[in-house]
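Protein chains in written order, with numbering that gives the first Met the number 0: chain A, 0 to 165; chain B, 0 to 287.
Since the hints were derived computationally from the structure, they do not count as laboratory data.
There's no promise every hint is true.
[Stated by the list, open to error] Here are some of the chain B residues that sit facing chain A, going by a computed Cβ distance under 10 Å: (1) S63; (2) L65; (3) E165; (4) S168; (5) L170; (6) R177; (7) A179; (8) D182; (9) V185; (10) V186; (11) A187; (12) G188; (13) M189.
For glycine and all other residues, C-beta sits at the position ideal for the given N, C-alpha and C.
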Amino acid sequence: MINKKVILTGNFGVGKTSLFNRFFYNRFSDKYLTTIGVKVDKKVIQVENKEISILLWDIAGEVSQDKVPNSYFLGASGIIYVFDLARPLTFNNIVKDIEHLKEMIPDSIVKIVGNKKDLLSESALAETLEELALECDIITSAKTGENVEDLFEKLGMDLLALEQMK
Amino acid sequence: MSDTVGKGKSDFVKTDANDEILLAQLRQILLRKDREQLAELEDELNDPNKLGAKISPIIEYHLSVLRQKFPAEYKKEVEKLIERRLKESQDELLDVIYPVIGKMIRKYVNLQFQTLKDSIDNRVKGILSPRGIWGRIKALVTGVNESEYVLSGMQGPMIEEVYVIERDSGLLQAHYSRNATIDRDVVAGMLTAIKSFVEDAFNREREDLEMIEYGTYKIYIQSFHLYYISIVISGTLSSSERDKLSAKILDFAEEEIQSRRFMQSQGEDSVQKLSDKLAVYFKTEQEE
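Next up, chain A with everything else stripped away, as it sits in the complex (with noise of 0.2 Å):
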């Protein structure tokens, strides 16, 4: 079994805590709830016949990537950049984040994810990826399930790939 930590980080309210409770126990409620500090869980997922322990980290959202405290990274393998692709206030700091999270580990595997698909029709969703500064790894909603589960398979994927090269 090979153990990563995945950090879970992004703006405040881009349904960070949503895909975490969807991913872990597939449900979802409309209420919000600001996470406080960090919650933690475990999963373990199937990756080409090789079993990953995921650690994942729901950090606090933070307007800023700069701002959420550095340790909270430090030993993390994965990370999901998670944005609303209804407010363009989520993405709109979107390369200096990434750019931060690169430099504090350089070493790990970043996935940016547009959440919230489901409030959005397909012009406006074509529209808000072509304002992206960056391109977005993957599209989910937290709300239908949509994409969740391809999103964490993705990334074990490359966890795999990661530690095969070790």
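Here the structure of chain A is known, so what remains is to put chain B in place on it, guided by the hints.
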């Protein structure tokens, strides 16, 4: 000289003048090379770059000689000088080293005060409580030593769980538990998150979270460079027992962890072995 005999004064003057010119011309011819060299030297002296290029190799050479010979020739002198300087400026020296040792002293003094306070509290509680009074009466009636009676009534500390956790990632490296617990990986992660949060929130560099208390449970945390050991204890723990536990943790770290290369990718076998060692080590502690 014979040529000049009988000639007039003007002739002498003319001859002298010619001699002067000839002499000047001769000087010009003979000293031209010297003058050129002199001009060249002046130029070199006045131009810092040219002067530097000439002098640098000489200085370098002498410096290297000095570097080689200095320890042998001047060691004793330097030692005497330092010794004298240290004696003369003890106050300045204290200013420099105080921040380093001050922290250690403060920690030690705090610990001693805590021990003293614990001891006073325990005595006061013991004497004034109904149990204490009853104990004294019982001791008087039965003839049993009072302190033996008090000791028999104390509930000893019980090690419930021990975790060895990678410091940065919070990934669990080894674990021992008396009873089945909730997911130990999550506990390890959450403990690390709490630890990171506290250490960041109060912005105290090089200071670590050492204890978490909840009800009758205490979580002792001993941090090392790459990992930390966390022990969950139920029951009361005196200062001396705490010191003993701390020493035990240090022994375990030294004998079982630091001797192997501590990395999370060590493999499950290695992790299991370390967990087994952990059980042996801390089960024994409990039985004692």
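Hint-by-hint comparison with the structure:
{"no.": "1", "hint": "S63", "in the structure": "violated, 41 Å"}
{"no.": "2", "hint": "L65", "in the structure": "violated, 44 Å"}
{"no.": "3", "hint": "E165", "in the structure": "holds, 6 Å"}
{"no.": "4", "hint": "S168", "in the structure": "holds, 3 Å"}
{"no.": "5", "hint": "L170", "in the structure": "holds, 5 Å"}
{"no.": "6", "hint": "R177", "in the structure": "violated, 22 Å"}
{"no.": "7", "hint": "A179", "in the structure": "violated, 16 Å"}
{"no.": "8", "hint": "D182", "in the structure": "holds, 6 Å"}
{"no.": "9", "hint": "V185", "in the structure": "holds, 5 Å"}
{"no.": "10", "hint": "V186", "in the structure": "holds, 9 Å"}
{"no.": "11", "hint": "A187", "in the structure": "holds, 8 Å"}
{"no.": "12", "hint": "G188", "in the structure": "holds, 4 Å"}
{"no.": "13", "hint": "M189", "in the structure": "holds, 5 Å"}
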